[in-house]
Structures are given as structure tokens and as C-alpha cells.
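Undergrad: Protein chains in written order, with the numbering used here: chain A, 1 to 115; chain B, 1 to 251.
Rather than coming from a laboratory, the hints here were simulated on the basis of the structure. C-beta: ideal position from N, C-alpha, C; glycine also. Treat the hints with care, as some may be off.
[What the hints assert, rightly or not] Facing chain B, a subset of chain A residues (Cβ under 8 angstroms, in silico):
id, residue
1, A3
2, F6
3, V7
4, Q10
5, T53
6, T56
7, P75
8, S78
[To be verified] Distance condition first, Cα-Cα at most 27 angstroms in a straight line; then the derived DSS-like pairs of lysine-lysine:
id, chain 1, residue 1, chain 2, residue 2
9, B, K225, A, K49
10, B, K225, A, K44
11, A, K14, B, K66
12, A, K88, A, K37
13, A, K15, B, K251
14, A, K31, B, K225
15, A, K19, B, K230
16, A, K15, B, K66
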Amino acid sequence: MNAVAFVHEQLTPKKEFPKFKAGDNVTVNYKIIEGNKERIQSFKGDVIKRQGTGFTASFTVRKISDGVGVERLFPVYSPNIESILVHKVGKVRRAKLFYQRERSGKSARIKEKRF
Amino acid sequence: MFTTGTSPSCLRVRKTKEKVGSKQGLKPILSKPAVLYTLQGTNCRRMKGIIGKKIGMTSIFDPSGKQIACTIIEAGPNVVTQVKTSDSDGYKAIQLAFGEKKEKNTTKAEINHFAKASTSPKHFVKEFRDYSIDKQLGETITVDIFAEGEKVDVVGTTKGKGFQGVVKRHGFSGVGEATHGQHDRQRAPGSVGGSSYPSRVFKGMRMAGRMGGDRVKLKGLKVVKVFADKNYILIGGAVPGHNGSIVLIQK
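Looking at chain B on its own, in the form it has when it is part of the complex (with noise of 0.2 angstroms):
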């Protein structure tokens, strides 16, 4: 997986993995090398992707009868409402719009920007760097973009799970035993700075707070299935976010 960074650092990942995979026989993963230069400061390769809604999750059998827990996501259709090129806004990106929003509650501005694509008003809209599949304003995209068996990163704003103590928010394990006439120490952070040395409180340092509702990308999670007709995607394993959550599908 390769992530954004710097092109000397980019070309260096991936002059390493070129060699790892010569050796095993494995085709080189760009054989022009100048590629990389052109796509200097965003992501090393081009990416597709769709925005949809989780449903829930079930689970299927395999042909061989195995269970297999997967996710159904209701992705797209979705409109490009705006396309970005390198003259107009020094980059390259399309923007996509997802789900039916009331006229009454969009302002006149969004009105407009969505009249521009000829669509109505969309109650989400996402914008996707370098989209690896060349589309106009106002076209849609679908989940046919995707295959059975892909390997795909999913989006997602986890769950809110409110104030939360150590022991749920970062795994800790209390303090002491719970017999011998200890109390109240068993879901307790325990020190937090030293008395003399260092005598404060360290940047970072662990401690009760907010958790969850945080933007989390799961990487590698299969296509089980793909249902072009209905928009219906089924992702193997779970994603994040509850059910009706709005879930970004890249590749």
C-alpha cells in the first residue's frame, strides 16, 4: 500500500518494492519510473471510488460452505458535479454528490452548483484526487466500478462512543488487584508525571476523553459481491460508522 509523500521518497518505496517483486518474478508496479515526478506531492497512483451508505451487516456462504460477515453498502449512483482540472484549479480531482437532499433546505448557492451538473440537489458531495476514471459533469458513477474479489480501503466515521475512561479508550489495565483491601483503583490510569522528575505532565499522555466518532480508513477489505442493478455492495468484514452512515469505497 502507498501512501502520499514526497516524489524522492515515493520513487524510493517504490524503486525498493520494483526490486522485491523482480526477484520473486513478479511484474514491476510501473515500469516507466517518469510517472512518478508528473505525480509529485499527491498520491503516487490514481484512485477510483464511490461514496455510499451502510446498511447493516449479514453474513453468506461460500461455494465451499464457509461463513463469510460482510457488510451491504448502498453506493451510488453517484453525479460528478464538478471536475477539476490542472489549468482551472492546479490539480486534478472530480467531485461526487450522493443521496437526495429537500430543495428548501439547500442554499440558492448549492442550488446552482447542482444545476450546473443538471442534477438535483445532493445531500453529500466529496471530492476524489486524481480519479483514475475519466468522466464529465453531470455523468454518473456507479458500483460497476468495482469487481467481485477487489481489494478495496473503506472510509468511515466510527461510532461516537462519548466520554470514556482508560481502560476503553486505550486498552489500559487498571491499577492493582481488585482484593487486598484496594478500592476504586481498578479502572484508574494510574501516574501520569512523575513528583520530581519530570515533574509535569507530558504532550500526548493518555488519558480519559471523547472517543470514537473518528474518520477511519480500513484498508484491504474485499468485494464479496457486487449488485449493479440495486447499488448494492458487499464488502467482506466491517466497516465503520452504524448503519445508515455516509462510507467512502476507494481503490
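Next up, chain A with everything else stripped away, as it sits in the complex (with noise of 0.2 angstroms):
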């Protein structure tokens, strides 16, 4: 076994997610830790990319609150993630949707993959 394998295996507990990808709609819900007390914080929002490998991947999210784009990137291996839900699977035809800050409203709409 390699040494970053090693390490990970020894440091980083595993997560089990469901799988998701850019594109799709997705609320993490994150341990927010003030002082001493703990509270659960919900982000809800499209995944406009999946970036890097294995331990040290991660992935942002983004949405629109009040009017302003907010995006806010997560670890996927991150201990303060909860849980992660996937809403809507999006249809898209690129891995990084870098083009939705530049648009908004009706265009800034992601099609539903329909099974």
C-alpha cells in the first residue's frame, strides 16, 4: 500500500454518499461548532463541480440566496458534513458549470434528468 493510502486509511474515517455530480440539486448539511455547541447548518443548491481525487476531493456547491449567488465549497471527506441529500439529478452537458455565474433566473435553470 502506498503511504498517502496509509495515511488516509489510518486518519480519515470512511463516508458513505450518494453518489452525485455537477449538475445535480443537493442540500449538505454541516456541523457548525460555536464554543461549545454544536448545531447542523443546511446549504442547499446546485453542485457546479466535483474537483481532485480520493481523500482530498471536494466539491462546491451553489445557489442563490436574496438575489446573490453564494457558492461554497465542501470536502467531500470533510467530518463536519452530516449527511448529504440529492434532490434532482440535472441534466448537463459539461463536468464544471462555471457558466451558471454568469447567468440568472429562467437561464440559470438545470433540466431534470427523467429515469
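Two chains, two frames, a set of hints: combine them into the complex.
TA: Listed below in C-alpha cells is the structure:
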């Protein structure tokens, strides 16, 4: 086993999440620690990118909050992510949806993939 | 951080530091100033160190969930191949060896040198002066000389960048503007020596040239984790050199 895999086997707990990719609409339930209080904050939006491999992978979720675009980057293996819920699977032709940043309103909608 | 120096200047640094320390209610660094004179001409403190190989970088999460970038170094086991003492060599040091080497690629002199420590030929040999741990010839030093949370210095050779211009090598910003009829000046070094005065180029003028491949010491890096059975040590942040290069971890 190589060194990087060994280190993560020792230090990073394995996590099970539903599969999701760019274009999907998800909710990330994220633990926030304030002093000694802990609460869960949920962030709902579209995944605009999945980045990196292995234990250092991350993804970015974009949402429009009060008319302002907000993006938040989550490391996939962060111990503070409590759960990830996938609401919609998007029909997109790109792996990185940075074009969403220039769009708003109707044109920023992502079509849902129906099975 | 105290570096090498002659004893009087060294003493001065210590004294001022002690004063500051006592004001803040800290412990003085050295309780016996007389020790300084016995260490004159060498490092003011005894150090410990280990030779390792840079494996690569990754990131782990600390208990609060913060992501920490860290470098994995395969450090040791190092074999003590020579012990130098004040009587035999005029100074105290130990020589450590790391990494296997084929016997056919080793000279007879080297083979015998390693045989004295009853070990196989080693790839890399380095001397550490005033080693703080007492070790005998042939004994091994492993990564567990370092503890988690300790601050260490890491020495390595930076990646070679080849012949580079002044913008990359020295951080110059080029000359002039991009437009208004200018061309070929965006990465230029500018004037290097005036025409009437000084009418020459000063020594040490920063110009284009070979970049990288330098010995660099990074001070005060934190030991994030030690895996003693695998000889791995995780150091917070980046470390000079490419993956697989030799690095020294010392304190």
C-alpha cells in the first residue's frame, strides 16, 4: 500500500454518500461548532463542480440567496459534513458548470434528468 | 531561533532573550550561561535530526474539521555509521546513513566504512553536529525521536526550474505598459547600470539565470503525525524538493 493510502486509512474515516455529480441539486448538512455548541446548517443548491480525487476531493455548491449568488466549497471527506441529500439529478453537458455564474433567473435553471 | 555564531554575540542574543522571557514570566532558555562558552563556534544548542525521503503531499482533517495540508516523509531508519568525538576529531558529531544502495555501485572504501557499523551500503550519508541523543556506532535512529506537535526545521533541495528570467526568478514586474506602442518589454529587467554613473554593473545585480536546485531550510514546521511502525512523519505545509528527494528533518 502506498504511503498516502496508508495515512488516510489511519486518519480519515470512510464515509458513505449518495452518488452525485455536477448539475445535481443537493442539500449538504454541515456541522457548525460555536464555542461548545454544535448545530447543523443545511446548504441547498446545485453542484457546479466536483474536483480532485481520493481523500482530498471536494465539490462546490451554488445557490441564489436573496438574489445574490453564493458558492460554498465542501471537502467530500470533511468530518463536519453530516449528510448529503440529492434532490434532483441534472441534465448537463459539462463537468464544470461555471457558466452558471453569468446566468440568472430562467436561464440559470438546470433541466432535470428523468429516468 | 538561534543560529550559528561566535560565543560573544551568541551570549548577547541569549541574554536579551532571557530578559524578555523573565519579564513575561517565562522560563529562561538556559539556566547556566557558562554552557555557552563550551559550545563556542558551533550551534548554540544541541540538535537532533533524521534523514528522510519526501513521499508527497495530501491533506488531513484535524478534530475540529479543519483541513490541513501536509507532506508525508518517509524518515529513517537511519544507521549511525560514525561517531565523532572531541578527542578524535576535535568536535562532536554523528554520521547518519539512509536508503539502500547496491553493493556493485559502492566503492570498497565505502563498503568497509559501512561494514564498521555492521550495515549494508547506504545511499545517503549526512553528518549532524552536536547530536542531542547519545547513540553508538551501528545503532539506528527512527522517526519516533519526534513527537506530534513539535516544531521542526526541514532542509531540502528545491525543484530545478532551469534558466529563468527576472520576472519568475526575482519577482520583477517587467518594464512599461502592454499597449501604447510598446512591445517586448513586459518581462524585461530594465536598466542594470547607468550610462554616466556608475557606468558599470554592480556585483550581485539580479538578472536572469539558473533558478531552483538550492538548498533551502524551512523553519518552524509543525509535526502533524508520526507513524513510528511505518517510519512515516506528517509535516504541516509544503517541504522543498520533488517527490522522492532527500530531506533532513531536524530540531
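Undergrad: Starting from the hint list further up, note which numbers the structure goes against and sort them upward.
TA: Checked against the structure, the hints that fail are numbers 5, 9, 10, 12, 13 and 15, while the rest are satisfied.
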